[in-house]
Amino acid sequence: MAHQRGGSTVEAVKEPHSVSLKVLRLSRPSLSVQHPLPLPTPGASPPDSPNTFPASSESLAYPSAKNDAFILSPLLTLPPAFGSAYVGETFSCTLCANNEVLPGSVSAKVISNVRIEAEMKIPSSSTPISLILVPQTEKEEEAEKGKEHGVDLEPGQSLQKVVNFDLKEEGSHVLAVTVTYSETTATSGRIRTFRKLYQFVCKGCMVVRTKTGALPSMGEKGRRWALEAQLENCGEETITLDMVVLETKEGFKSQGINWEIIGEGEQMDRPVLMPGDVQQVCFLVEEVIDDEGSGPEPTDGRLVFGILSLGWRGPMGNRGFLSTGALGARLK
Amino acid sequence: MESSSGGSTPKRHSRHGSSGRALPRRSTRGPLDINESPISPSSGPTTPSTLTHNPSSLLSPTASQYATPRIPSPAIGSNLSNITSPSFRTARTTLSPSRSTLSTNSQKDFTFLLRPEIYHPLTLLDVPPPFRVASTQPDPSSPLEDLIAQGHLRSAAIKAAQLLTSPGLNTSDHEQIFNLIYTRLSCLTLCNQTTLASQEVKALEDLNSGYYRNDHDGTHLVPWELRVLAVRLQGMGFNDARRGIMGYYDLAREARLTLTGLKKKRKVGAEGDENGKLGDDIKMWETRLEELGIRVAGALIEMEDLEGATRFLATFKPSSDEKRQELEVRKALLWLCLGDVEAARKCISALSTNGEQDHERKVILALAHTADSDFDSAVEVWEELVASEGLEKGEMAMCKQNLGVCLLYLGKMDEARKILETLTDERNSFHALTFNLSTIYELCTERSRALKIGLAEKVAGMQEEDGKKVGWEKVNGDFKL
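Protein sequence lines, in the order shown, are assigned to chains P and G.
Numbering-wise (UniProt numbering), the first sequence opens with residue 1 and increments by one.
Numbering-wise (UniProt numbering), the second sequence opens with residue 1 and increments by one.
Some hints could be false.
Derived pair list, reagent style DSBU-like, types lysine-lysine, alpha-carbon separation capped at 30 angstroms [as the list claims (entries may be wrong)]: (1) Lys317/G with Lys346/G; (2) Lys66/P with Lys458/G; (3) Lys362/G with Lys66/P; (4) Lys277/G with Lys264/G; (5) Lys480/G with Lys22/P.
Residues from chain G that keep clear of chain P, each with C-beta distances beyond 12 angstroms, as calculated [what the hints assert, rightly or not]: (6) Asp109; (7) Thr194; (8) Arg243.
Since the hints were made in silico from the structure, they are not lab data.
Keep in mind that this is a model prediction, so the values were computed, not measured.
Ideal placement from N, C-alpha and C gives every residue a C-beta, glycine not left out.
Next comes chain G alone, as it looks inside the complex (with noise of 0.2 angstroms):
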């Protein structure tokens, strides 16, 4: 090997060099380098170098090759701030008034979001085998719709990135960009490719900036999902959680600048046809605010400040009592993860002892004995929830999962693995039910392999029989493959 590519000039092993073919090389040190040295002369006076260049060669390709050449390039992003001036409305709109009133939001162009390099392709590495038949594969030219009403969110990400980089795209038809941008980030993330997508929302930038909005009236040019989507992907994609939490209150600023706005409108508005309109916005701005603030607590966990996020959620000041029950319950689930079972209990205290909140009360006390350790109390709770009638069925499959965990821990595997392989019997495919059951296999026997190949053909069988959402997307990680 040696000899025969130490002919070629070292300019070549740095380019095209990968790990794969570095890793050789390094092993084989020491003996064939002194046998290298007689052949050297041969190839000139470049071959020394190659022995001082290898130990660079083999450390940079490796690094370009995480760094991908497709991140966007920064001058794109000096060419988009150009575009958008600072104070972009009112500059805009008292500076030049006759340009604003001629330029209408068709006009802007948003081709700097369609470059094929920014959408990464999808490969089949991590995808377990029974997933790839191409007899599960959907038609490659269905409709996105269909896609997603099927659940083949792999192949819808797929195509709403040839959608957006095809020919035939309206490079100004902002709309219809931002909403296969939507379905393109979102789609990777529930296929488990939420690493990609936080380098594709890159290309985004700045969706705060002028530009995003439309000239006349100021409104946002950018979905409502795709904006929130985008906080917690470009906090990821620039390495920046603190940028997430940002995002999330400048979004809050301005639901509460719209709700604001929208009370005044209804307080002086007169009490015409408008009302029902304008109510169901204020409803909407709200709830909408609310779920901001559930994801800031949860961008406060997500970067490990668990202290931080019960503080966060204590300045909750919920509006009704339904919202007070759900908010203590989220609580709960906090204070338990952080290991304060007594504060975890206290929580549900006050939930009641009937209905659906007793279903919730009784989830988190159940939750509360497993993090005591006291798995029999636990089971006894998980086992009352099963018998009870009223469980929405997939808290009752919530509820039999755990059940199955607890057991576990009781030593009695064989009842464990009965009730989560029922679980999947009944179309449940959902990540942990798959983890755990593919654990149990693993220790159940050596020739777990099998089993946890049957049972990733089993969920990928499940996406056939009616056609319609049952199976999810799975990863190898998905079945401990």
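Just chain P, same shape as in the assembly (with noise of 0.2 angstroms):
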């Protein structure tokens, strides 16, 4: 993970704990790329040629048949690294507790009901947000009342267990993670604890700037504006653009002018964009006048039409997802 904090152990025991926790922050796995060497030609070489070359069979990212000199295969791959977090992606992360305890040895510890607990500390808030774990075993399900039961786990064995969080908020993040669990040996039992920090920053992907415009009014139809957005890619990814949505308030109504308009025989491009690209958007904007002749009314000399909405993929699918505040237009 990005930063551990110092463990801090809730009871002040010094003998080292008998279950060890570990995380893997599951971004998406990745494909594995390979640099495949020069295909054989058929029936290039002659046969008394000196076969010092090696196959390029050998560069493949696994023993495939096919062949293909193309540098992306399908073979997945666990993330590497923490990477970097962004305001708008789903956080996962699994957590996995272990018993450390050698099989055979003579202290003979039992470890018994072992539980996970995980919060996630967020920049705006002082309380932390608890999280839910999955997937939930059949004993947890019963245990679910007295809240009471964990799992047993043999020498070696490990309770595993997945979070996921949306991350809403710029700046740090701090997930809180408690084991706890009973060390029974012949002549004694206890409960025991401890719990690790795991601090990470979660940085701003999508920046969103927008402007309205009042566009000349058709006849009795009411007041039309353009609303023009511009959408930069801050974070080191590349992103595709899913969806641009302008979702309107009672009163409006809009219509996006972008790239899901296509002519006929044409494919839907969506946009992508590199680090620090910018995607210019825009929708009209109508009032829409109701039975009685009267449109919408301005609060504070300001007629908010709505919020934006965007969604985007990054790197193998990893979903993004933002809003933006109220938008409107100013009457003079």
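Two chains, two frames, a set of hints: combine them into the complex.
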């Protein structure tokens, strides 16, 4: 993980814990890259030529018979590092509590009732948010009411959980994990617990700038505006814009005039934003005149159209989602 | 330390100072430097300069460590361009026809590729301990062919360099020289030493130069494989990814010209015995041209221009139905990488739902589920694939491996571990497998190092068993060691 704070032991026990906690951020697995050697030219080499060229199959990501010269293979690799965390993404992480008692050791400690709890501390609040751990085992489901039972672990066994958390704020986040377990020997038994903190920084990935301009109205139809927005990828990864929608309030309707409008026989090309790229989008906003002939009323000299929602996909389909605050036009 | 080395001249510091030596000095700055000053007058007027020179001597040795002294000197380059006239073939034949008839290939001298300083020594630093055991190492006197056949690619790389720099080599035997260079460079890339290869490949300089051509008929003296391999490596070596793309286009131009020539010949020539050979040649050049196209896409992806790569792949016009499906699979992989899962799904909608094509379709489908973070559905498809018949052995290993990875995301680490371990039992040792399994080992115990070493030992053992290519050359990174 990005940064692990010194584990603070709740109990003042000097004896090392019999259970360890290991974590891994579960970003999407990636496709393995291969750099295939030049393919042998069919029938080009005379049979008596010395066989000193390593076979190009040796350079493939896995022993495939296809011998493709393409750089991407369908083989999945687990994330090698923590990477960057961005606002709008879902943070996933796996937590493993492992019984570290050596099999057949003299101490003969029995580890039972192992439980993991996780909380996320976010910048805007001093109260941490407790996280749901998946998957639930049958035993845990049964014990849900009493909240007493954990899982018994044989030496070398692990309890694995996955947590998901939607990142909504920029700044320092702390994932706090508490492991509680019972340690029983022939003569004694006790409940032990420890807590580990993992800190990481969440950055913004998308900067949205908007501008509203009044358009000449068309006869009786009411006022019209053009709402323009610049979407900047300020992260470090290439993203594909999935959707950009202006969610209008009552009294307004809007129409996107962006990439989703395609001519006949054309394919929709979703905009790809490399780091630093900016995409301009535009929406046509019209006020809806009701039967009595009145439109939406301004508040504090300002008309609020609605909010802009945007969704994107990062590498390997990693999803991001963001909504802006209220957007509108100031009336003069 | 300060007082003993302080007596020697500051020059020595700057020449031999390595980062390892420079660092402790830096940390003792301050109090020690003050202590040093009473001693300094004894060593005369040089000492004040020791202090002032220190910062620079800290920096310069580390810099020179990276810029290896073995980089070919510019003198050789200028030498080469002196030999080769820019307008190579026509100029030479028209100006001095008598000389060109005399000069045969064997008279071209390639000594500049045989200098020992081109070929770097390979260290064992990055090789996991179980692979360093003497018993697993091949006999150094075994011929190159055997080393290659047995998968001892590291040793083969070393052997090739030895042969290239041995005095017995005929400096104008271009066939042998280029074959050895190809062996050397390709083996380096297979031993995770691509950076080294990208430095060594610089010695070849401009492979389009006329010097590399036969003076009689203009045929290239360098095997096609080496020319293709050199493009990417030189792009890396000269730190210019675009050069790589240009290099492939240069080769593609040549392939096109050759193809046009061959096709013309076929049209004009009588339908005699030659036709069979001609047809084979045409096929060969078509394959080469197609491969170059795929390599350009790869180069774009490597320089992280994924969008450019999608646009480039969209320009392909596959010649057959089979090729079209292959192309769709590649496009789908690229879309997935870019994150446009819908576009990836669209690519496979055209694939048939039976036979091998169905396998390919399902692989992409499972990957698309993965990209959607729908690991339950992904696992379902992988399981279906693993249970299906007619899956080729390597593809089966890939599907099982991916199934294991997806299970981890569902909190089923034990199952995942079992699947990956079974794959290593079946003598699979590809990078993603050992890397992923090592990651799982790191998750499931504090004592993961022992498990990872155990895995490395297992893979090292695979090499010996039947002496044939089983194990691939491994580095510490393969086992997260």
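Here is how each hint holds up against the structure:
About 18 angstroms separates the Cα atoms of Lys317/G and Lys346/G, which keeps this hinted pair within 30 angstroms; it holds. Pair hint Lys66/P plus Lys458/G holds up; C-alpha atoms about 27 angstroms apart against a cutoff of 30 angstroms. For the proposed pair Lys362/G and Lys66/P, the alpha carbon gap of about 16 angstroms is at most 30 angstroms, so the pair holds. Distance restraint check for Lys277/G and Lys264/G: the Cα-Cα separation of roughly 14 angstroms lies within the 30 angstroms cut-off, and the hinted pair is therefore satisfied.
Of the supplied pair hints, the one linking Lys480/G and Lys22/P holds, its CA atoms being roughly 16 angstroms apart against a limit of 30 angstroms. Its beta-carbon lying about 22 angstroms from the closest one in chain P, Asp109/G satisfies the requirement of being farther than 12 angstroms from that chain. Consistency note on Thr194/G: stated as away from chain P, yet its beta-carbon is not over 12 angstroms from all of that chain's, at 7 angstroms minimum. With 12 angstroms as the threshold on Cβ separation, the claim that Arg243/G sits away from chain P holds: the shortest Cβ distance comes to roughly 16 angstroms.
When the structure is compared with the earlier hints, a violation turns up for hint 7 alone.
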